[in-house]
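Enquirer: Residue numbers (full-length UniProt numbering), protein chains in the order written: chain A, 1 to 267; chain B, 1 to 267.
Don't read these hints as lab results, they were simulated from the structure. The reader is advised that the hints may include incorrect statements.
[Stated by the list, open to error] Negatives, chain A to chain B, calculated, CB over 10 angstroms:
#	residue
1	29
2	34
3	56
4	69
5	87
6	98
7	120
8	131
9	159
10	212
11	221
12	234
13	256
[Said to hold, decoys possible] Which bits of chain A does chain B cover? Going by a derived footprint, with three or more residues having C-beta under 8 angstroms, they are:
#	stretch
14	9-19
15	76-86
16	141-147
[Said to hold, decoys possible] Think about it this way: if two alpha-carbon atoms lie no more than 20 angstroms apart in a straight line, the pair counts; the simulated DMTMM-like pairs of lysine to aspartate or glutamate are:
#	chain 1	residue 1	chain 2	residue 2
17	A	106	A	121
18	A	106	A	256
19	A	246	B	121
20	B	44	B	29
21	B	106	B	232
22	A	246	B	86
23	B	246	A	85
24	A	246	B	85
25	A	246	A	176
26	B	246	A	121
27	B	246	A	86
28	A	145	A	216
29	B	33	B	23
Beta carbons: idealized from backbone N, C-alpha and C, even for Gly.
Here is what each chain is made of, one letter per residue.
Number of protein chains: 2
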Amino acid sequence: MRNLLMKVSYDGTHYNGFQTQPDGRTIQDIIEKAIAGLSGETLKITASGRTDAGVHARSQVFNFYSDSPIPPERWCSALNSRLPEDIVVTDAQEVPLDFHSRREAKRKTYRYTINSNQFPDLFNRRYQFHHHGRLDMQAMEEGLKHLLGTHDYTSFASRRSTKPSHIRTIYSAWMEVDTSMCRTGNTRDQGVLHTYLTGSGFLQHMVRIIMGTLVEVGEGKRTPDSVRTILEARNRAAAGPTAVSKGLMLWDVEYDELSLIRPQTDF
Amino acid sequence: MRNLLMKVSYDGTHYNGFQTQPDGRTIQDIIEKAIAGLSGETLKITASGRTDAGVHARSQVFNFYSDSPIPPERWCSALNSRLPEDIVVTDAQEVPLDFHSRREAKRKTYRYTINSNQFPDLFNRRYQFHHHGRLDMQAMEEGLKHLLGTHDYTSFASRRSTKPSHIRTIYSAWMEVDTSMCRTGNTRDQGVLHTYLTGSGFLQHMVRIIMGTLVEVGEGKRTPDSVRTILEARNRAAAGPTAVSKGLMLWDVEYDELSLIRPQTDF
Numbered sequence: 001m002r003n004l005l006m007k008v009s010y011d012g013t014h015y016n017g018f019q020t021q022p023d024g025r026t027i028q029d030i031i032e033k034a035i036a037g038l039s040g041e042t043l044k045i046t047a048s049g050r051t052d053a054g055v056h057a058r059s060q061v062f063n064f065y066s067d068s069p070i071p072p073e074r075w076c077s078a079l080n081s082r083l084p085e086d087i088v089v090t091d092a093q094e095v096p097l098d099f100h101s102r103r104e105a106k107r108k109t110y111r112y113t114i115n116s117n118q119f120p121d122l123f124n125r126r127y128q129f130h131h132h133g134r135l136d137m138q139a140m141e142e143g144l145k146h147l148l149g150t151h152d153y154t155s156f157a158s159r160r161s162t163k164p165s166h167i168r169t170i171y172s173a174w175m176e177v178d179t180s181m182c183r184t185g186n187t188r189d190q191g192v193l194h195t196y197l198t199g200s201g202f203l204q205h206m207v208r209i210i211m212g213t214l215v216e217v218g219e220g221k222r223t224p225d226s227v228r229t230i231l232e233a234r235n236r237a238a239a240g241p242t243a244v245s246k247g248l249m250l251w252d253v254e255y256d257e258l259s260l261i262r263p264q265t266d267f
Numbered sequence: 001m002r003n004l005l006m007k008v009s010y011d012g013t014h015y016n017g018f019q020t021q022p023d024g025r026t027i028q029d030i031i032e033k034a035i036a037g038l039s040g041e042t043l044k045i046t047a048s049g050r051t052d053a054g055v056h057a058r059s060q061v062f063n064f065y066s067d068s069p070i071p072p073e074r075w076c077s078a079l080n081s082r083l084p085e086d087i088v089v090t091d092a093q094e095v096p097l098d099f100h101s102r103r104e105a106k107r108k109t110y111r112y113t114i115n116s117n118q119f120p121d122l123f124n125r126r127y128q129f130h131h132h133g134r135l136d137m138q139a140m141e142e143g144l145k146h147l148l149g150t151h152d153y154t155s156f157a158s159r160r161s162t163k164p165s166h167i168r169t170i171y172s173a174w175m176e177v178d179t180s181m182c183r184t185g186n187t188r189d190q191g192v193l194h195t196y197l198t199g200s201g202f203l204q205h206m207v208r209i210i211m212g213t214l215v216e217v218g219e220g221k222r223t224p225d226s227v228r229t230i231l232e233a234r235n236r237a238a239a240g241p242t243a244v245s246k247g248l249m250l251w252d253v254e255y256d257e258l259s260l261i262r263p264q265t266d267f
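All chains, full assembly: derive it from the sequences and hints.
Expert: Here you go:
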């Protein structure tokens, strides 16, 4: 038996999130079906964590146990030939039997994208929240800084969160503005704002509530310092709305033993 | 009566090209339908040129004559509210009555994108040709240089071309490699290759035949210098295959009087 670790990227637009749901059509269902078709094994995969309906992943990580003789380096292409074009497995390798994708995930990075140009970028329309009107991005960045460190993030967690503790650590958070789609000299085009958050882990809807709150800061409805007050309130009602899911992407999952997720280089 | 000039970007995936066809479903049809719905006018728009089925446009230009009292700066949002999400009008303004989008277009730039990483980039899968196996990009760039200048491009034109002359000028041509999707240390990921071609005009399938030929150069099936020989042959049979349409994008259309396509800045 092998413990196989894989990296997968997916466009979440047409799925009910990563984790198997009663009403089906999840990334996990599709991957498990592809594995069954390939190796004949009916099994469950374990991911680094779930992503909500409509959320994308550049690099999600999962592992599962297989008795298949298929060598690890063959799995990527073999699975991709059975997966729809909006799910692509990019790395596969054998890891120690005791390796667990979720328990051993040390850091996760999410990216949230807001298009603050006058018109949507149709080539990225499924991966951006298009915001109408100008945003004070400097104020948003100031507000973001208040979230760094170790805190109880109850104010930024879904009320449906069942986690025993809402204490998490955000190691780093930064913003980048892409002006490549801005029309020359057009004052209504502010660029596309990418916000990256790296933390020990994130609660349900946490990044989206943070972004929904920061957008209100950018609109001048809240001050940057109000983010600290919201954090201290430990009350979901104190924060802003949950930003739309399509702007969110699981960017990276890190493990202490980086060798465990070394890139696959076999031909 | 006003002569209205507009810029439009579109995802060509689901359309039979720009220009009206007997079997319908073209960008032009959709835009003219939106104009009719907005101003009640049944009219024909004139574009800088046609694009083939499946080809995209970052910035296509068209104009038309309207008696509508709707002010130019209102047209963009009004039309976009009636257009599908894969067609977005980004600029609108009044131009002199004698301005003609096609006749006065002085320079056009096309971009062709080849993903030479091991796996497709699913977030850009509709806008990239995914090439399996390594490409000698330096050789491709050498081959590309032979196409600069004024030549008879018959070898790189569709046999169906009805143009009286196949002489065109390519002012500049360059390549850029985007390695942002490459997996660290993975020797199978070469990056995404963007090739830009700026010319006085392009014949039917010209950019796609050029790219299909350059891919064969990159694969080592042809030498960079063979591109010159192909050009001199003035025979379509001498060149390589026509590259898939989804990798092609009309990037920009330039006019001598830049003020004619100044960005719209009205609120």
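Enquirer: Run every hint past the structure and note whether it holds.
Expert: Going through the hints against the structure:
1. 29: The claim holds: residue 29(A) sits with its nearest Cβ about 18 angstroms from chain B, beyond 10 angstroms.
2. 34: Given that every Cβ of chain B is farther than 10 angstroms from that of residue 34(A), nearest at about 15 angstroms, it holds.
3. 56: Not fine: 7 angstroms to the nearest Cβ puts residue 56(A) too close to chain B.
4. 69: holds, 23 angstroms
5. 87: The claim breaks: residue 87(A) does not keep its Cβ more than 10 angstroms from every Cβ of chain B (closest is about 7 angstroms).
6. 98: holds, 25 angstroms
7. 120: violated, 6 angstroms
8. 131: It holds; residue 131(A) is separated from chain B by about 15 angstroms at its closest Cβ, greater than 10 angstroms.
9. 159: holds, 32 angstroms
10. 212: At roughly 22 angstroms from the nearest Cβ of chain B, residue 212(A) sits farther out than 10 angstroms, so the non-interface label holds.
11. 221: holds, 20 angstroms
12. 234: holds, 36 angstroms
13. 256: holds, 17 angstroms
14. 9-19: Per the Cβ count (3), the hint holds.
15. 76-86: Check passed, 4 qualifying residues.
16. 141-147: violated (count 0)
17. 106(A) <-> 121(A): Outside the cut-off at roughly 34 angstroms; violated.
18. 106(A) <-> 256(A): holds, 7 angstroms
19. 246(A) <-> 121(B): Distance ~17 angstroms between residue 246(A) and residue 121(B) Cα, so the pair holds.
20. 44(B) <-> 29(B): Roughly 9 angstroms between the alpha carbons, so the hint for residue 44(B) and residue 29(B) holds.
21. 106(B) <-> 232(B): violated, 25 angstroms
22. 246(A) <-> 86(B): holds, 16 angstroms
23. 246(B) <-> 85(A): holds, 15 angstroms
24. 246(A) <-> 85(B): Judged against 20 angstroms, a Cα distance of about 15 angstroms means the pair holds.
25. 246(A) <-> 176(A): holds, 18 angstroms
26. 246(B) <-> 121(A): holds, 17 angstroms
27. 246(B) <-> 86(A): holds, 16 angstroms
28. 145(A) <-> 216(A): holds, 15 angstroms
29. 33(B) <-> 23(B): With Cα atoms ~15 angstroms apart, residue 33(B) and residue 23(B) stay inside 20 angstroms; holds.
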